[in-house]
Amino acid sequence: MEIAKIIGTVVSTIKVNKIENTRLKIAQAINPYGKESDLFYLVEDAVGVGIGETVLLADDGETISMILGRENVPIRASVVAKVDKINMYE
Amino acid sequence: MFYAKVIGKTYSNFKHPSLEGLDIKIIEDVNIVTGKLTGKKTLAMDPLGVSIGEYVAYEVSTEATWAFDLDMVPADTSITAIIDSRDIGGEDPV
Amino acid sequence: MDLAKVVGSITSVSKLEQLKPVKLFVVHILGSDFGPTGNYGVAVDTVGVGYGDIVLITTGSAAKMTEITKEIPTDTSIVARVDNAGDRQ
Amino acid sequence: MMLGRVIGNVVSVIKDENYKGLKLLVVQELDMEGSFKDKFVISADLIGVGIHEVVMVANGTPARATQETKNIGLDSIIVAKIEKLIFEGREVDLQ
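Residue numbers (my numbering), protein chains in the order written: chain A, 58 to 147; chain B, 826 to 919; chain C, 4 to 92; chain D, 182 to 276.
Quick caveat, the hints were computed from the structure, so don't treat them as lab data. Among the hints, a few may not be true.
Below, a list of computed lysine to aspartate or glutamate pairs in the EDC-like style, where the Cα atoms sit at most 20 Å apart [stated by the list, open to error]: (1) B:Lys-830 - B:Glu-845; (2) C:Lys-73 - A:Glu-110; (3) B:Lys-840 - D:Glu-234; (4) D:Lys-251 - D:Glu-198; (5) A:Lys-62 - B:Glu-879; (6) A:Lys-139 - A:Glu-110; (7) B:Lys-830 - D:Glu-272; (8) B:Lys-866 - B:Asp-848; (9) B:Lys-866 - D:Asp-197; (10) D:Lys-251 - D:Asp-212; (11) D:Lys-265 - B:Asp-909; (12) C:Lys-8 - C:Asp-56; (13) A:Lys-62 - A:Asp-141; (14) B:Lys-834 - D:Glu-210; (15) D:Lys-196 - D:Asp-219; (16) B:Lys-834 - B:Glu-879; (17) B:Lys-866 - D:Asp-226; (18) C:Lys-26 - C:Glu-70; (19) B:Lys-866 - D:Glu-198; (20) B:Lys-830 - B:Asp-909; (21) B:Lys-861 - A:Glu-93; (22) B:Lys-834 - D:Glu-214; (23) B:Lys-866 - D:Glu-249; (24) B:Lys-830 - B:Asp-854; (25) B:Lys-865 - D:Asp-219; (26) D:Lys-204 - D:Glu-249; (27) A:Lys-142 - C:Glu-20; (28) B:Lys-866 - B:Asp-854; (29) A:Lys-92 - A:Glu-119; (30) D:Lys-218 - B:Asp-854; (31) C:Lys-23 - A:Asp-95; (32) B:Lys-834 - D:Asp-274; (33) B:Lys-861 - B:Asp-909; (34) B:Lys-830 - A:Glu-110.
Let's have the full structure, built from the sequences with the hints guiding it.
See the structure below:
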C-alpha cells in the first residue's frame with residue numbers, strides 16, 4: 058500500500074458503465090517523511106476524505122471490487138484509510 | 826487510474842475477434858498538476874469513443890480488461906473515463 | 004516478494020471496516036544487497052513483527068492469499084520475518 | 182498497449198505442452214513516430230501477421246484474457262495489425 062496526499066478532484070460525466078457513481082479524486086504519492094513524488098493517481102474514495110488529507114492507497118483492482126460489492130471494477134487505486142499519524146521509529 | 830490526453834488514433838482492420846469494433850487511440854500522459862505532457866505515449870483501447878484532444882483517465886494491467894462489458898478482452902491499457910475538468914486544491918487550472 | 008525493513012507504523016481512525024483488526028506498518032524496501040532503496044510502502048502485518056525486523060512482503064493480488072488477509076483490502080502483506088538471509092550468518 | 186514491429190520468430194522444439202501450435206514472434210517496440218525503441222518482447226501471434234508488419238501487443242495478465250490463451254502461461258500476445266496511425270494531425274509512415 059502507498060501513502061498519498063489528496064490534492065484535488067476531477068469531474069467526469071462520461072465513464073464506462075462499471076465505474077458509474079464513483080467519486081474520483083487526485084492523489085499524489087508521498088514518502089513517510091512527507092516528500093512528494095511525481096506519481097499521481099486518480100483514485101476511488103471509499104472512505105470519504107477531504108483535500109489535503111494524507112491517506113493510504115491500495116493498488117489492486119480486487120480491493121475496490123470488494124469495497125463496492127461489484128465485480129471487476131476497472132479501477133486499481135482506492136483510498137482505504139485516512140492516515141492520522143505516521144510513527145517513524147528512527 | 827492515470828491522467829492522459831488523446832493525441833492520435835490508429836486504423837486496424839485485422840485484429841483479434843474480441844477487439845472487433847473497438848477503437849485504438851494514442852494517449853500521452855499528462856502531469857495532473859502542471860497540465861504538461863510528460864512524453865510517455867502508449868496505445869489504449871477505447872470503449873467510450875473519445876476524440877483527439879480530449880483528456881481521459883485510463884487504467885492498466887488486469888483491471889484494463891474489465892473496462893468492457895464483454896468477458897474476455899485482451900487489453901492491457903483501456904480508457905475508462907473522459908475528464909471534463911480537474912480541480913487542484915480549490916483552483917481549476919484546465 | 005520483496006525484502007523490507009519495518010521502520011514505522013500508521014495510526015488511522017477512519018478506515019474501512021475490514022482494515023480495523025489489522026496492524027499497518029511502514030516498511031522500507033530493501034535491494035538485493037540488503038541495502039535501502041529509498042522506496043517505502045505500507046504493509047498489513049500477518050505474522051506479528053516489530054520495529055527493526057527484516058521481513059518478507061508480498062504485493063499485488065497475492066497479498067490477499069493469507070488466512071488473515073483474504074477478506075482485507077490490501078495489496079501488500081508482511082508474510083514472514085527474515086532471521087537469516089544470503090551468506091550473512 | 183505496445184506498438185511494435187515483427188522482426189523475427191522463435192523456433193522451439195522442447196516447450197510447454199500448452200505452447201504447441203502457437204507461433205512465437207520477436208517484436209521490437211516502436212515509438213509513435215514509427216522508429217525503433219530498445220525493447221524487445223517474444224509475443225504469441227493469435228491473428229496471423231507477417232514479418233516486418235506493425236502490430237499492437239498486449240502484455241501481462243491481459244494476454245490470458247482470450248479463449249485461446251486462457252489456460253496458457255503467456256504474458257504477451259499480438260492482438261492487432263496496425264495499418265494506419267494518425268498522430269499530431271498527420272499520418273505516420275509505417276513502411
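Please name the hints from earlier in the document that this structure breaks, with their numbers sorted from lowest to highest. 1, 2, 5, 9, 10, 11, 15, 17, 19, 23, 29, 31, 34
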